[in-house]
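The lines below spell out each chain.
There are 2 protein chains.
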Amino acid sequence: MSKLHIYNTLTGKKEEFKPIIENHVGMYVCGPTVYSDVHIGNVRTFLSFDVIYRYLKFLGYSVRYVRNITDVGHLLNDEDSGEDKIGKQAKLMNLEPMEVVQHYTNGFHDVMKAYNITPPSIEPSATGHLIEQIEMVQEIIDNGFAYEAGGSVYFDVEKYHESHHYGKLSGRKIEDLLSNTRELDGQSEKRNPLDFAIWKNADPSHIMRWNSPWGQGFPGWHLECTVMSTKYLGETFDIHGGGMDLKFPHHECEIAQSKGSGKKDPANYWMHTNMLTMNGAKMSKSVGNVVSIEELRTGNHELLEKGFSESVIRFFMLQSHYSSTLDISSSAISASEKGFDRLMKALETMRELKSSDSSSVDIATWKEKCFDAMNDDFNTPILIAHLFDGVKMINGIAAGNESISSADLELLTQTMNGFVYEVLGLVSTQKEATQDSVTEELLQLLIELRKQAKDNRNFALADEIRDKLMSLSIELKDSREGTTWERN
Amino acid sequence: MSKLHIYNTLTGKKEEFKPIIENHVGMYVCGPTVYSDVHIGNVRTFLSFDVIYRYLKFLGYSVRYVRNITDVGHLLNDEDSGEDKIGKQAKLMNLEPMEVVQHYTNGFHDVMKAYNITPPSIEPSATGHLIEQIEMVQEIIDNGFAYEAGGSVYFDVEKYHESHHYGKLSGRKIEDLLSNTRELDGQSEKRNPLDFAIWKNADPSHIMRWNSPWGQGFPGWHLECTVMSTKYLGETFDIHGGGMDLKFPHHECEIAQSKGSGKKDPANYWMHTNMLTMNGAKMSKSVGNVVSIEELRTGNHELLEKGFSESVIRFFMLQSHYSSTLDISSSAISASEKGFDRLMKALETMRELKSSDSSSVDIATWKEKCFDAMNDDFNTPILIAHLFDGVKMINGIAAGNESISSADLELLTQTMNGFVYEVLGLVSTQKEATQDSVTEELLQLLIELRKQAKDNRNFALADEIRDKLMSLSIELKDSREGTTWERN
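Keeping their order, the protein sequence lines are chains A and B. Taking my numbering, the leading residue of the first sequence gets 1, the next gets one more, and so forth. Taking my numbering, the leading residue of the second sequence gets 1, the next gets one more, and so forth.
Watch out, some of these pointers could steer you wrong.
Which copy is meant is left open, so a pair is good if it fits within one copy or across any two.
To be verified - The calculated lysine-lysine pairs, modelled on DSS-like cross-linking and capped at a C-alpha distance of 25 Å, are:
| hint | residue 1 | residue 2 |
| --- | --- | --- |
| 1 | 159 | 282 |
| 2 | 392 | 264 |
| 3 | 14 | 264 |
| 4 | 369 | 345 |
| 5 | 18 | 57 |
| 6 | 14 | 454 |
| 7 | 468 | 454 |
| 8 | 231 | 345 |
| 9 | 282 | 264 |
| 10 | 306 | 113 |
| 11 | 282 | 3 |
| 12 | 345 | 159 |
| 13 | 168 | 14 |
| 14 | 468 | 338 |
| 15 | 247 | 369 |
| 16 | 285 | 18 |
| 17 | 451 | 468 |
| 18 | 451 | 14 |
| 19 | 231 | 13 |
| 20 | 345 | 13 |
| 21 | 263 | 451 |
| 22 | 306 | 345 |
Think of the hints as simulated: they come from the structure by calculation, not from any bench. Source: prediction; values computed, not measured.
Looking at chain A on its own, in the form it has when it is part of the complex (with noise of 0.2 Å):
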């Protein structure tokens, strides 16, 4: 069997993947920000690293899986006037910012359910982690690469530049960096404009602060990830993941903090996933394409024909690699919607099927492929493509054109459930509907009624059983076997 390669962005490089402690996993994922509801593009990032995680743990690797909860000291960026994103909402809606965290954070929960994205192992917070922050910071001061400045420190960019390399995972050069800034007002304090606050001065006004050796104030923003990613995955951890636009300045001030703390390089391998795109155009407001996730459910937005089941929407982010831009349109998840329903209708049948003394497939094959793609690089659309061979086998099975021995069909079955339900993470959306065992057993005393109608050939009745299961988007299917029904 192949081994697991992972794109290493730091590298560029497609690389086979060896962690630090055999058969053990240490991945740390950026989190959201719980200042708003979470976005669909959030969505995807989460969902992307869902399945990496998924997978690794079908490899049978133990993973930690760390992904933080922001919920301080969010600065927008070094160019705003360094007040907390949350602090600001809180005091618009009259709230404790604490009361705002939680009401995003529970919505945040929900949201993730709903797509069936696993909790990671440990889910911490930024104000959880105060005093190892307040530490990391005294130790970057203590090492020579950070300044107070009016109660606030600041990392000295171009001094960790002198014996290290800021910019090594972004490919920025600092001469350009330095050549694009300009001073602006009030941040006369920064001994440069490249410098990044990782301790900021807050005044009375800001109802989020804690003592620190500067005084009151707060943590900067990227401070939170070297600090939590460290204390749970250790000083060099194996993955660390998030979205492509925390790869400047979030993930390379990281490197920066942890380097500049004394610690080593923070992870061996980093990825990042791509943006979504809206009817082929960015998500903007002036543009009128965003799209909500609850939009997205309901179907309640004018670009959208109809509503899609969280499941769908599952399975059609992941019918796109994670590197991979992925442009979100209503045409684009129906025809989704229709591939989403064709492979459960399979695994359906897969449960019916009769193997024989030999098979007509190859299915050890097959199964070889379909972990192929994944160990390359998490290949979800590629592996989707081989479950949709694999669908094909079962109805060619089903139909009597193939043939499967009992031992291929075990692992036909093994392979498919594993890769649908473990690795791919779908729910059945059929499955959810007949879950409810009463609306079978209806259906089934329904069909048996239409057939003694038929016996009694009274074809009136027969006829308007089936028209009425019609209108409610129930077909009934009459074969030698007998009558089936399905959803439309």
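We have chain A; now place chain B onto it with these hints.
Here is chain B on its own, set in the frame of chain A:
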């Protein structure tokens, strides 16, 4: 209308509730320690305060409800060696303590959701407030009510009692407490056996520890609640709640910490929920009457005849007053289940009621009684008794024995729905079932087919439909208005 009165454990009296800030209520409830599955006794406590929270909001108060997560520092009692419970469990499972915390926090949230217990406004954790805890330890030391010994800091109970009243909440007398304690090995660092740790030294093998002015350690359990309640609700807030087992020493120590750190008395009203028993005895492994939440749901326990939905158990629990002992038994919950179904059925009937020119029922008086019950220290069993008077009225009106004006019907509907859904937070299991509109449509089709069969004098077919539905526990009821169905 009567005014809200609360039984205040602090004074031992039922007192009129007067909030500190008009129209606002601050409420703090001690939450779970997340090192094991939540048990049914915890559910009762959180359910009781959920109804209190809901009723306060129903009365129009703006409520900030804080319920913490104890994720570190829960010492079993002062007699144990001081090893942190979560750390102990983590070593056993070979897990990072925060991984244990995450696992059980997720499980706790799932249970709260299943029981329809509203999330609190803020759910802060002990590890999220270490700076504040360390600062409070220092304040208590500075005020002379605590001393450092061997890297730990102890609250000096006797010293405190010289100028304050230790025992004011629990009614314990310090002289009795002193005569009942004895010096134990390994506790020689304490000046007095009554003293309790507010900061605990951690040896290097202890995995959850933080730097502090007294060396590496972790906060004492009592401290976090004082810190988090006052941080989010102010020095003095309205209501402090918890299970009765927390009254001493936990809540007594909270008061001492607040006053000892130079603050005011923390809460104006202290409320304590009573304990659960199972088949008349305290749940204990040796008696074999410990029933888990999972077992209550599935019925998979020798003391249970069958499983019960969370909605039914919620209703069952609310049929006792929060301050009374509640005995769980299979027969008692079964009895509640019948009452619950009757109540829920009446709410369905209510929707179909026709109004008359005048009322033969006195809705205004009845409504006042409902409020009176809840205003009398949240007396849910009395409220439920009144709601059953409402059921009688509804059924009387439906049967044509009573009449109701349209204004009264609106008042009846508002009051019933308000108390059942908003205040008691009950969820109709009937509703859960019919939420699947397909089931409803299929049943309507079957009812129509049966009618046609009867019209065609095909009684065998009509009976077959009825009997098959009966086997699915669906009963058809014929009346002049037509045929309806219900689940048995």
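Hints, one by one, checked against the model:
1. 159 / 282: neither (37 Å within a copy, 66 Å between copies)
2. 392 / 264: neither (50 Å within a copy, 74 Å between copies)
3. 14 / 264: within (22 Å within a copy, 62 Å between copies)
4. 369 / 345: Within one copy only: 22 Å inside, 56 Å across.
5. 18 / 57: within (15 Å within a copy, 55 Å between copies)
6. 14 / 454: Answer is neither: 63 Å inside a copy and 73 Å across each miss the 25 Å cutoff.
7. 468 / 454: both (16 Å within a copy, 19 Å between copies)
8. 231 / 345: Neither: 45 Å inside a copy, 55 Å across copies.
9. 282 / 264: neither (37 Å within a copy, 54 Å between copies)
10. 306 / 113: within (22 Å within a copy, 29 Å between copies)
11. 282 / 3: Answer is neither: 36 Å inside a copy and 56 Å across each miss the 25 Å cutoff.
12. 345 / 159: This pair counts as neither: shortest intra-copy Cα distance 61 Å, inter-copy 74 Å.
13. 168 / 14: Within one copy only: 17 Å inside a chain, 68 Å across chains, cut-off 25 Å.
14. 468 / 338: within (24 Å within a copy, 35 Å between copies)
15. 247 / 369: neither (32 Å within a copy, 63 Å between copies)
16. 285 / 18: neither (43 Å within a copy, 47 Å between copies)
17. 451 / 468: Answer is both; intra-copy 15 Å and inter-copy 16 Å each pass.
18. 451 / 14: The answer is neither: 60 Å in one copy and 69 Å across copies each exceed 25 Å.
19. 231 / 13: Neither. Shortest intra-copy (28 Å) and inter-copy (49 Å) distances fail the 25 Å Cα cut-off.
20. 345 / 13: Neither, since 39 Å and 65 Å both go past 25 Å.
21. 263 / 451: Neither: 75 Å inside a copy, 80 Å across copies.
22. 306 / 345: Answer is within; shortest intra-copy Cα gap is 22 Å, inter-copy 35 Å.
Going through the hint list in order, the structure does not satisfy hints 1, 2, 6, 8, 9, 11, 12, 15, 16, 18, 19, 20 and 21.
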